[in-house]
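Student: Chain by chain, the residues run as shown.
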Amino acid sequence: GQSLEQPSEVTAVEGAIVQINCTYQTSGFYGLSWYQQHDGGAPTFLSYNALDGLEETGRFSSFLSRSDSYGYLLLQELQMKDSASYFCAVRPVGGNYGQNFVFGPGTRLSVLP
Amino acid sequence: KAGVTQTPRYLIKTRGQQVTLSCSPISGHRSVSWYQQTPGQGLQFLFEYFSETQRNKGNFPGRFSGRQFSNSRSEMNVSTLELGDSALYLCASSLTQGSGELFFGEGSRLTVL
Numbered sequence: 001g002q003s004l005e006q007p008s009e010v011t012a013v014e015g016a017i018v019q020i021n022c023t024y025q026t027s028g029f030y031g032l033s034w035y036q037q038h039d040g041g042a043p044t045f046l047s048y049n050a051l052d053g054l055e056e057t058g059r060f061s062s063f064l065s066r067s068d069s070y071g072y073l074l075l076q077e078l079q080m081k082d083s084a085s086y087f088c089a090v091r092p093v094g095g096n097y098g099q100n101f102v103f104g105p106g107t108r109l110s111v112l113p
Numbered sequence: 001k002a003g004v005t006q007t008p009r010y011l012i013k014t015r016g017q018q019v020t021l022s023c024s025p026i027s028g029h030r031s032v033s034w035y036q037q038t039p040g041q042g043l044q045f046l047f048e049y050f051s052e053t054q055r056n057k058g059n060f061p062g063r064f065s066g067r068q069f070s071n072s073r074s075e076m077n078v079s080t081l082e083l084g085d086s087a088l089y090l091c092a093s094s095l096t097q098g099s100g101e102l103f104f105g106e107g108s109r110l111t112v113l
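Protein chains in written order, with this note's numbering: chain A, 1 to 113; chain B, 1 to 113.
In short, the hints are calculated from the structure, not lab data. One should not assume that every hint holds.
[Unchecked claim] With the C-beta cut set under 7 Å, the calculated list includes, among others, these residues of chain A facing chain B:
hint	residue
1	Gly28
2	Gly31
3	Ser33
4	Ala42
5	Phe103
[Unchecked claim] Take a look, some chain A residues computed to stay more than 10 Å from chain B by CB distance:
hint	residue
6	Ile17
7	Pro43
8	Glu56
9	Asp68
10	Tyr72
11	Leu74
12	Leu78
13	Met80
14	Ser83
15	Phe87
16	Gln99
17	Asn100
18	Val102
19	Pro113
Note that CB positions come from ideal geometry on N, CA and C, so glycine has one too.
Sequences are here, hints too, so could you generate the full structure?
Tutor: Structure representation (structure tokens):
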């Protein structure tokens, strides 16, 4: 089966850098995705790591290490609007190749002024 | 380009009733997947459709069903509603089945009394 773990809450101040970790136990997956969800809103795609290493998209970077069963989302130059929940997700190998993602429990990020 | 559209946005039902939720994916997207989001269980995969065929199914009872039409629009149905079915039901579409990126709708918030 698939199991992902994330810290439940993270707090940081504006302008700071924060790292949200995602550790997993899975028999195999195609890649690690990250989503942001504001209260009352829809999850929004942030990044996808198909391979090990770092992916950078503006202020957001994501990292994957399959050998360590570990990934993280790095948010730089934090802004108040970054206050939201962040989810990691994997698409497991097996079954029919598709969009059957397994999501982590989510990390609630609070950015303080 | 219009995003993923879900209707209705909010609905209240009583135990034993059934409900049908609708999802219109982004134009050109042929893969549609459904997720249930609750505070206790987080985001859980329900099922996925591609070219009118169910490709994957999550671990939900048979009361949960869905279908996809030739224009890629999808519906999901929950019969014999239980209190525990109260949740935000999210629909997501993607261009291909291999994409690590899902585009979510705003969701249908179902309350079962």
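Student: All hints are to be evaluated individually against the structure, with a verdict given for each.
Tutor: Results of checking the hints against the structure:
1. Gly28: Constraint on glycine 28 (chain A) not satisfied, violated at 15 Å.
2. Gly31: Hint holds; glycine 31 (chain A) Cβ to chain B Cβ min 5 Å, cut 7 Å.
3. Ser33: Holds: closest Cβ of chain B sits about 5 Å from serine 33 (chain A), inside 7 Å.
4. Ala42: holds, 4 Å
5. Phe103: At 4 Å from the nearest chain B Cβ, phenylalanine 103 (chain A) passes the 7 Å test, so the hint holds.
6. Ile17: Correct as stated: the minimum Cβ-Cβ distance to chain B is 24 Å, above 10 Å.
7. Pro43: Check fails; 5 Å does not lie beyond 10 Å.
8. Glu56: holds, 16 Å
9. Asp68: holds, 20 Å
10. Tyr72: holds, 16 Å
11. Leu74: holds, 18 Å
12. Leu78: Given that every Cβ of chain B is farther than 10 Å from that of leucine 78 (chain A), nearest at about 23 Å, it holds.
13. Met80: The assertion about methionine 80 (chain A) holds, with a minimum of 22 Å to chain B.
14. Ser83: holds, 18 Å
15. Phe87: For phenylalanine 87 (chain A), whose nearest Cβ neighbour in chain B is about 7 Å away, the distance does not exceed 10 Å, so it is violated.
16. Gln99: violated, 5 Å
17. Asn100: violated, 4 Å
18. Val102: violated, 7 Å
19. Pro113: holds, 27 Å
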